[in-house]
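Visitor: As a plain string of letters, each chain reads:
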Amino acid sequence: MSDTTLQDICRQIAEASNLGRRINLMEVCGTHTVALFRSGVKSLMPANVRLVSGPGCPVCVTSQAYLDVACELAERPEVTVCTYGDMVRVPGRTGSLEQRRATGARVVVVYSARDAVKYAARHPDEQVVFLAVGFETTAPATAAAVLEAEQRKVDNFTVLPGHKLVMPAMRALLSAGDVPIDGFICPGHVSVVIGVNAYRPIVEEFGKPCTVAGFEPRQMLLAILSLVRQAAAGEARLENAYGVAVTDEGNAAARGFIDQVFKPANAVWRAMGTIPDSGLALRWGYEQFDAFARFGVTLGEDYEPEGCRCGEVIQGKVEPLECPLFGESCTPADPVGPCMVSSEGTCAAWYKYNRPRAGAGVAKR
Amino acid sequence: MCLAIPGKLIEVRDSGDDTVTGRVGTVDFHGSRMEVGLAFTPEATVGDWVLVHAGFTLSVLDEAEARETWQYLKEAQLVDEVPPMLSDTPADG
Ligand code: SF4
Chain L
1 MSDTTLQDIC RQIAEASNLG RRINLMEVCG THTVALFRSG VKSLMPANVR LVSGPGCPVC
61 VTSQAYLDVA CELAERPEVT VCTYGDMVRV PGRTGSLEQR RATGARVVVV YSARDAVKYA
121 ARHPDEQVVF LAVGFETTAP ATAAAVLEAE QRKVDNFTVL PGHKLVMPAM RALLSAGDVP
181 IDGFICPGHV SVVIGVNAYR PIVEEFGKPC TVAGFEPRQM LLAILSLVRQ AAAGEARLEN
241 AYGVAVTDEG NAAARGFIDQ VFKPANAVWR AMGTIPDSGL ALRWGYEQFD AFARFGVTLG
301 EDYEPEGCRC GEVIQGKVEP LECPLFGESC TPADPVGPCM VSSEGTCAAW YKYNRPRAGA
361 GVAKR
Chain A
1001 MCLAIPGKLI EVRDSGDDTV TGRVGTVDFH GSRMEVGLAF TPEATVGDWV LVHAGFTLSV
1061 LDEAEARETW QYLKEAQLVD EVPPMLSDTP ADG
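These protein sequence lines are chains L and A, in that order.
The opening position of the first sequence corresponds to residue 1 in my numbering, with each subsequent residue numbered one higher.
The opening position of the second sequence corresponds to residue 1001 in my numbering, with each subsequent residue numbered one higher.
In short, the hints are calculated from the structure, not lab data.
One thing to keep in mind: the hints can contain errors.
To be verified - Negatives, chain A to chain L, calculated, CB over 10 Å:
#, residue
1, 1010
2, 1012
3, 1014
4, 1026
5, 1028
6, 1030
7, 1047
What the hints assert, rightly or not - Some but not every residue of chain A turned toward chain L, in silico, with C-beta under 8 Å:
#, residue
8, 1031
9, 1037
10, 1044
11, 1051
12, 1054
13, 1055
14, 1058
15, 1062
Just so it is clear, CB atoms sit at the ideal spot from N, CA and C, and this is done for glycine as well.
Given the sequences, and given the hints that come with them, work out the whole structure.
Guide: Structural data, given as structure tokens:
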């Protein structure tokens, strides 16, 4: 890919977006949030094309109440919490999992849910709880781990169900109608699993164009160009700019694992409240792997860390710079909310790539 | 957390007693190797380039595209940690 081509695409975006109004495109993927900054694509956008980050960072959409349950479990002497690394630094009501670990709790970072099962098999005297968070990309691995634990009779293994489904959240955002969205840059790797066709309702029921994009600048720019053109023409189509990895149907085998172990369930999203059928609960026959049931714990009321606007950030309602704590009392080294903790969080991305030019970003709004 | 990474499948074996996760294999990410579950890509064979996430392959990729993607992910520093590996005991603290 040559730079001329990229410049060319940018020129076409500028031409197509010259409408005398703002065009808001939302990405629903933390990796896109980072890649759009990192690659410079965000800074190449015409002034009226706004790239808004939606609820695409799995750690950020996880409710504080979930994190508090995880911390509560970590404090039990018999429990070992296994988790993806992104979760350990998120502050809960009384500190993070990392802080718990410093005071003696067993918190183990794993790369895969399978590793948690292996750990459990090797430590039969511990109760191993895996924090099952993430979107459809990550859920099949959890499902396979549960099946593996069942087959190998690893009965000291449970999961704390916290998976989220992307489509119901997009639907909820559009239904609420308080965030202007002209089109979606659909997540690349979630789409590998759910397939392009999953977004059809967004196009048909809500009339919003959806384009699945990869993470290279060219793929992202082409997706943006397509969305801008459709917004300009008042059209809405379903497109795939990441054909090398994503098919119309997605990965049916991976979804089969999810369906075998989990069923759709209402889920609480940070600040968005309960969204119907937007999460996954263990099916009948697998309840013995449910940490909520095994340890008799429940999710409390959700809340935000004091002063933190993550809830509005993940819905695209405000940009990080509008949070008074941004860069002041909230930094990646000492984060207040999950959007600053996670490497895929919107606040962390802005902090890393967009601080100097940030004032301009706010003024434009 | 949703970033999947391309690598080359260099070995496939039956996981023996483990019929659930099905076949497992070793994926090479430019030098670092990792054991992955192949349950979601029954079509993958040795020599294929695959997209790996959370210890499982999610799809089989065209080699040229996979190489280009890897290159880009590295340059853009989106792969901030090489997938941890492989000792198979990352969890043993
Ligand atoms: S800057 Fe910090 S406190 Fe403000 S919304 Fe982002 S994570 Fe929350």
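Visitor: Hint by hint, note whether the structure agrees.
Guide: Hints and how they fare:
1. 1010: Consistent with the label, residue 1010 of chain A stays out of reach of chain L, its closest Cβ about 18 Å off (over 10 Å).
2. 1012: holds (16 Å)
3. 1014: holds (14 Å)
4. 1026: holds (14 Å)
5. 1028: At roughly 16 Å from the nearest Cβ of chain L, residue 1028 of chain A sits farther out than 10 Å, so the non-interface label holds.
6. 1030: holds (17 Å)
7. 1047: Non-interface label stands for residue 1047 of chain A: nearest chain L Cβ at 18 Å, farther than 10 Å.
8. 1031: This hint is violated: residue 1031 of chain A lies away from chain L, its Cβ roughly 17 Å from the closest one there, beyond 8 Å.
9. 1037: At 6 Å from the nearest chain L Cβ, residue 1037 of chain A passes the 8 Å test, so the hint holds.
10. 1044: violated (11 Å)
11. 1051: For residue 1051 of chain A, the interface hint holds, since the closest Cβ of chain L sits about 6 Å away, which is under 8 Å.
12. 1054: Constraint on residue 1054 of chain A satisfied, holds at 4 Å.
13. 1055: OK, holds: residue 1055 of chain A within 8 Å of chain L, min 3 Å.
14. 1058: holds (5 Å)
15. 1062: Cβ of residue 1062 of chain A sits 6 Å from chain L, so the hint holds.
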